[in-house]
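The residues making up each chain are set out below.
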Amino acid sequence: MFPAAFDYRAPTSLDEALSILKQHGDEAKVMAGGQSLIPLLKLRFSRPELVVDIARIPDMNAIKRDDGHVAIGALARHVDIEHSKELAAAAPMMLEAARWIADPLVRNRGTLVGSICHADPAGDWGSVLLALGGDVVARSESGERVIHAPDFFKGPFETALKPDEVVTEVRIPAAAGHSGGAYLKLERRVGDFATAAVAVQVMLEGDRIETAGIGLTAVGPHNIKATHAEQHLRGKAPTDEVIAEAARMAADAAEPKDDVRGSAAYKKDVVRVFVQRGLKSAVARAKEVGA
Amino acid sequence: MKVTMNVNGAARTGDVEPRVLLVDFLRTNLRLTGTHIGCDTSSCGVCTVLVDGEPVKSCTMLAVQATDRSITTVEGLAQGANLSAIQAGFHEEHGLQCGFCTPGMMLVGTSLLDRNPNPTEEEIRWAISGNICRCTGYMNIVKAIQHAAKARAAAAADKPGVPAAAGVAGGGE
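These protein sequence lines are chains A and B, in that order. Per this note's numbering, the first sequence starts with residue 1, numbered consecutively. Per this note's numbering, the second sequence starts with residue 1001, numbered consecutively.
Wrong hints could be hidden among the right ones.
[What the hints assert, rightly or not] Reference listing, derived: stretches of chain A covered by chain B, where coverage requires no fewer than 3 residues with Cβ under 8 Å from a Cβ of chain B:
1. 48 to 59
2. 170 to 183
[What the hints assert, rightly or not] Capping the alpha-carbon separation at 30 Å, the derived lysine-lysine pairs in DSBU-like fashion look like this:
3. Lys257/A to Lys42/A
4. Lys1159/B to Lys1143/B
5. Lys1002/B to Lys22/A
6. Lys22/A to Lys64/A
7. Lys42/A to Lys1002/B
8. Lys22/A to Lys162/A
It should be emphasised that the hints constitute simulated quantities derived from the structure, not laboratory data. Backbone N, C-alpha and C define an ideal beta-carbon position, used for all residues, glycine too.
Using the sequences and the hints given, assemble the complete structure.
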């Protein structure tokens, strides 16, 4: 299968990329590893006039600890996250999630930033960002803006990005105190889209949950932040009853559809069970940290 | 547009449209037909090649993206008439039935052993999890990679300083 014909530019600096997008943004698609875009081009679901390959721009592949957060560059691949020492310390849930992305071959080329910009409702990283409270940093010739994860995902394959913008990095808050997370995913086989998946993150203060983050994958038009469930957990001791109620609320926030992977009712129940299990693991892990 | 890349140790150039996939460049322009096309939808892994030593799907990469990179295909595994350790392993352990997935499996195995010379069975299964064997011959594929790991270790012990793959003779003995 061949994509429809397109022009190709491979800028070697961010300024050059931004200038190309300023001129041609409306007709262009930005490509990092191409693991989401190339299949779309081949199926001709996407027919851009221009592909802007940003992979030749230097210094965008780093994962580095900054003040209070970890910055993940636009060219950092899933495999880099899988092995990142910075993220192992600051957001270990991301290493767990990385191992669930596609398969090892795709992880050698695909990037986190490319994945979130593609904004597939079944994408894993969106939920991780929602649970962890990540920020998306977008640049254009007019400047830089920081978009909070909940404001970034707008709909199926739709984000808050403007046509002349490039995401340069994603910022993940570094875990503080007694924090823990978990990523749970149900897939029919390696590389399949999720039937459903959940990301959960908690921070404990003494015996109580200080903050909780819950993101849901493949059960709605985009990754969903289960805000009611998060609020329910805040300030409470993580008892079985509290966790079970939060899990039920998260399932209520899911809006799955019937498809070959399962009925909507089944997927809602997977969300409930996974949030329940995930919260229990996250709390146990949070207690171990610094214990 | 003009593309230049290193394929199996030699610089190769071609003039391609940007939409040409790496697998088609290898098979059609360079006539290296050992890299197969299976699902063509990034699902099966039979088109696996190594890019700078890492296994990737050449059906999901544009030829222009490979500019100035080093590509290894199955044709690049043997050293002259000598099979590489992984090829010998697949021969010895009957690691193939129809053979269609074999080039990809051998390249994934090669890359794994380069990074992790003594993998556990679980690590081998994890490494090949993006490659589908339609004959379901996974047991012998795992054994073939284990065979290669042992052969490379033995060769390295025999000839310190010599790369393990080069020290393994043909697998037919």
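Here is what the structure says about each hint:
{"no.": "1", "hint": "48 to 59", "in the structure": "holds (count 3)"}
{"no.": "2", "hint": "170 to 183", "in the structure": "violated (count 0)"}
{"no.": "3", "hint": "Lys257/A to Lys42/A", "in the structure": "holds, 26 Å"}
{"no.": "4", "hint": "Lys1159/B to Lys1143/B", "in the structure": "holds, 24 Å"}
{"no.": "5", "hint": "Lys1002/B to Lys22/A", "in the structure": "holds, 26 Å"}
{"no.": "6", "hint": "Lys22/A to Lys64/A", "in the structure": "holds, 29 Å"}
{"no.": "7", "hint": "Lys42/A to Lys1002/B", "in the structure": "holds, 21 Å"}
{"no.": "8", "hint": "Lys22/A to Lys162/A", "in the structure": "holds, 10 Å"}
The structure shown violates just one earlier hint, number 2.
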